[in-house]
Amino acid sequence: MSITETPVNSPEIRRLEPVLEPGHTYASVTDKIAAVVLTRPLGIGWLAGFTITFSAVMMLFVAVSWLIIKGVGIWGINIPIGWGFAIVNFVWWIGIGHAGTLISAILFLLNQKWRTSINRFAEAMTLFAVACAGLFPLIHTGRPWMAYFMMPYPSTMGIWPQFRSPLIWDVFAVSTYGTVSLLFWFIGLIPDLATLRDRARHRYQQFIFGMLAMGWRNSARHWHRYQSTYLLLAGLATPLVLSVHTVVSFDFAVAIVPGWHTTIFPPYFVAGAIYSGFAMVLTIAIPLRKAYGLEDFITMRHLDNMAKVMLATGLIVAYGYFIEFFMAFYSGNKFDVFLANQRLHGPYSHFYYALLLCNILTPQLLWIEKVRRNVPLLFCLSLVINTGMWLERFVIVIISLTRDFMPSAWGRYSATLWDYATLAGTLGLFSMLLFLFVRGLPAIAIAEMRELVHETHAKEHK
Amino acid sequence: MSEHRRSLLHGVMGEFETPEDLLDASKKARDAGYKHIDAYTPFPIEGLAKAIGFRWTAVPLITLLGGVAGGLTGFGLQYWCSAITYPMNIGGRSLNSWPAFIPVTFELTVLGASIFSVVGMIALNKLPQPYHPVFNVERFVRASTDRFFLVIEARDPKFNLAETSRFMQEIHATHVIEVRDEE
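Chains as they are written, first to last, in the numbering used here: chain A, 1 to 462; chain B, 463 to 645.
Next up, chain A with everything else stripped away, as it sits in the complex (with noise of 0.2 Å):
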């Protein structure tokens, strides 16, 4: 789906590794990544993950079910701590979700080929970790089944959303996220789903996948449509990712509490939500191409230049602790003077040591090529950045909340076994979700694929 031609004779390009080994044909593509949900028999590595992930569901269950029956006093927030873990975990998630719109938009937008192998299953994650991060702010209201007050509708009481406030902003923000990236997923997976409706050999997986296709041809007609409407989702995402960690981040920033009120944190927020989506999409990506041995179109470059990703949103990352260190002392105000200080030494500085760390510290060993070609290596860099990501929302938010402005309404913060649990069920589901995903449909474009290969014959006959 490209719009325009890249010099792909340019000498830069040639010297890079391919994003899709040679020696294949559309039949071949189309037949591996197919295979992985059609024929291929479960793996004893995957009914042990499922099982594992699906233990972690369960717990998920209790967690919430507990709260709900005895309220949000299970977890460690008290007031002036009313935020704790589901805010932070709430951020977190939502912020993993970014990789997946910007893989799949902004860089199709650019014509970065490299994309083509790994949008399906970051679009996968995305709708995964906002349901995960969705769940959150729907638990900490205390009264689930009340949510429905945020949306406006007309009630019998005469009273609507206060549409002033961020938070309502966020309902809106997120739940349109949501949406659309569904959306964009799905219209991405109709000309696959015909592609495993073709080639099914049982009954139930023809019916399965031959209705959600619904009577998908490859018309030539369907596809310039089809082509005209991937092109516009995209330029819509383009902006609607970017806009949501903003809005996320207005939380925080039209606050007046020290440590938030600051104009750094939109495009802090959606760098850092980018540095955490591009770990999480190696964090799944490595596992999943060793697994499946789908080397040959997770190749070596993908890796890499999602690690300079990573390298580069990292260092936005950084100029913005930096930035909040300077304005809080340039500003003079004691109240964020006095926060700043309190990150270096109050009660939870420790935490903010290990951010540093996690966040700035060891992500530099991504500037030495060496690093970002030893597969295990990036694995574990992409486990300690998404480590270094929440210990940041931590800090942000816990931080600021034991310390605003009067010592009588300071407090201190600690969660509780199920705050944890809680955190723990997430990550099962969310990885229960995947383990499904990538059994369950093709964790790899087929059709875009094939389109690669096209281009790649294509440049080879030139």
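Hints in this document: simulated from the structure, not taken from any laboratory.
Among the hints, erroneous ones may be present.
Just a few of them, taken from the derived set where beta-carbon distance is under 10 Å, the chain A residues facing chain B [as the list claims (entries may be wrong)]: (1) G76; (2) N78; (3) T156; (4) I159; (5) F172; (6) M211; (7) V244; (8) E448.
Residues of chain B placed beyond 12 Å of chain A at every Cβ, according to the derived structure [claimed, not checked]: (9) D493; (10) G532; (11) L534; (12) T571; (13) P595; (14) F621; (15) I633; (16) H637.
On a predicted model such as this, the values are computed, not experimentally measured, just so you know.
The C-beta atom is built at its ideal place from N, Cα and C for all residues, glycine as well.
Here the structure of chain A is known, so what remains is to put chain B in place on it, guided by the hints.
What follows is chain B alone, placed relative to chain A:
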């Protein structure tokens, strides 16, 4: 194709091995004066829609309408809630505090445009349509893998089974197949 059933002719299908062959054949079919033709390919091919005489799609217009509708709904909703039906004086600020309404307006613009675009595309393609005569052709499953098909439909005024089949062979189709619509 089952012979014992009554069947209507849908058209003649030609199979090609490469996208370039198909593109070339489509142009020749157009040049020969055929109007009702369609092509089936495992991935979108640049210039093919134009070659079979399909230029304009309403998708961008529908998307624009969806965006405008979403944006107006978004702002209208907020204005109506905050300034008309449920006015609240907060720090003496104006009831129509429009800068605060921008985020939701933006989100609903994107939402409206996206939903219209996707639903519009699916509707214009007349999907869901589980049955279509081309599916009766056994070789057609390869349209989603590695073969490229051109169909000249029977409703074309210039269509003649024998002549059109010969024409398909002339434009180098590797296989020429009758497509029948089973009743």
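Structure versus earlier hints - violations, ascending order
1, 2, 3, 10, 12, 13
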